[in-house]
Amino acid sequence: MIAVSIHSSDAVLVAAVFLACAVEMVEALTIVLAVGRTRGWRSAFEGTVCALVALALLVAVFGPALVRFPLDWLRVFVGGVLLVFGAQWLRKAILRAAGLKAPHDEDEIFAETVAELDELGARTDRDRLAFVMAFKGVFLEGVEVVVTVLTLGASSHRLGLATLSALVALVLVALVGLIVGRQLSGVPENAMKMAVGVMLLSYGTFWTGEGLGVRWPGADAMLLGFVALYALFAFGAIRVLRHGVPAHEAVS
Amino acid sequence: MSGLLRWIKGVWRFIVDFFVGDTPELFHATVGILVLIWFISRVCRLHTLAAVLLVAGVLIALTISLVRAAKRVR
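Residue numbers (the working numbering), protein chains in the order written: chain A, 1 to 252; chain B, 253 to 326.
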């Protein structure tokens with residue numbers, strides 16, 4: 001009989017990286033689809049592949065380098081980055097859920113990108129503009145995933161697991177995009193962003209504390225406590241902020 | 253040389269924008285929290301207080317940022 005042990009920290013790591021990568025890749029897919037449909041698929045595909053290679057190189061170069069850092073300093077650095085990222089993601093998701101910020105609309109972004117590309121004139125067989133747009137879209141959306149993979153993976157010595165989780169999300173979004181053949185506007189992006197924000201904040205708090213000499217009660221299990229605490233905070237904040245916000249006042 | 257300088261400036265701007273973005277208050281708060289927790293935990297050796305303040309600091313920073321954003325909209 002094979003005993004399978006799943007640590008709570010591994011589960012949070014896999015979920016955080018998977019969701020972060022899925023959300024960012026849904027956004028990147030919208031841009032690639034808009035570029036491909038407007039300017040042709042060849043250059044859009046080439047731009048996408050080059051961006052993915054560049055992102056993989058970032059992981060390959062910085063991953064092993066990060067692991068060589070003294071553990072305590074690595075955890076403080078990683079914890080700080082995750083706290084900033086997590087707070088930014090959670091803040092945005094709370095504001096959107098409370099109606100204080102316009103939701104991320106893939107259909108609108110698709111239409112805007114297509115209109116922008118249409119204005120830029122006729123395309124050639126090998127379209128430099130399409131390449132650059134696809135590259136930029138995938139690379140910029142992917143950098144956040146790379147930082148998440150590197151920070152979570154390196155600090156918990158699970159770089160392989162974090163990379164695998166991101167790859168699964170990437171392949172899944174690409175496959176669904178190929179099958180559906182359009183931008184994935186039905187994906188509950190804000191809920192996913194909120195979950196990622198909660199998990200990044202939880203990891204950030206955990207690693208910062210560990211790096212600075214705090215010993216958390218329950219060790220790794222404390223991560224789940226942080227997830228519950230920040231999730232409760234998010235739901236409470238949404239309820240409070242929703243109160244008295246007319247829908248037409250939401251900012252774009 | 254000036255090309256290299258421009259490139260370095262561009263990369264630096266990208267990094268700053270990437271980490272600070274449109275919420276400088278969250279970035280500054282995080283740096284402040286890290287320094288404070290380092291002092292309390294490493295210098296004063298008050299680990300439990302550091303743990304409590306770390307979590308409280310994150311929640312307070314997030315609350316302030318949310319309230320500021322809500323005030324801007326209203």
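Because the hints were derived from the structure by calculation, they are not lab data. No experiment lies behind these values; they were computed from the predicted model shown. Glycine residues also receive a C-beta, built at the ideal position from the N, C-alpha and C atoms. Possibly wrong hints are sitting among the right ones.
[Unchecked claim] Here are the simulated distance ranges between beta carbons: (1) 296(B) - 64(A): 34 to 42 Å; (2) 294(B) - 68(A): 17 to 25 Å; (3) 132(A) - 301(B): 46 to 54 Å.
[As the list claims (entries may be wrong)] Here are the simulated DSS-like cross-link-like pairs (lysine-lysine), alpha carbons at most 25 Å apart as the crow flies: (4) 261(B) - 136(A); (5) 323(B) - 101(A); (6) 92(A) - 323(B); (7) 136(A) - 92(A).
Hints, verified against the model:
{"no.": "1", "hint": "296(B) - 64(A): 34 to 42 Å", "verdict": "holds (36 Å)"}
{"no.": "2", "hint": "294(B) - 68(A): 17 to 25 Å", "verdict": "holds (22 Å)"}
{"no.": "3", "hint": "132(A) - 301(B): 46 to 54 Å", "verdict": "holds (52 Å)"}
{"no.": "4", "hint": "261(B) - 136(A)", "verdict": "holds (19 Å)"}
{"no.": "5", "hint": "323(B) - 101(A)", "verdict": "holds (12 Å)"}
{"no.": "6", "hint": "92(A) - 323(B)", "verdict": "holds (15 Å)"}
{"no.": "7", "hint": "136(A) - 92(A)", "verdict": "holds (22 Å)"}
Hint violations for this structure: none, all hints satisfied.
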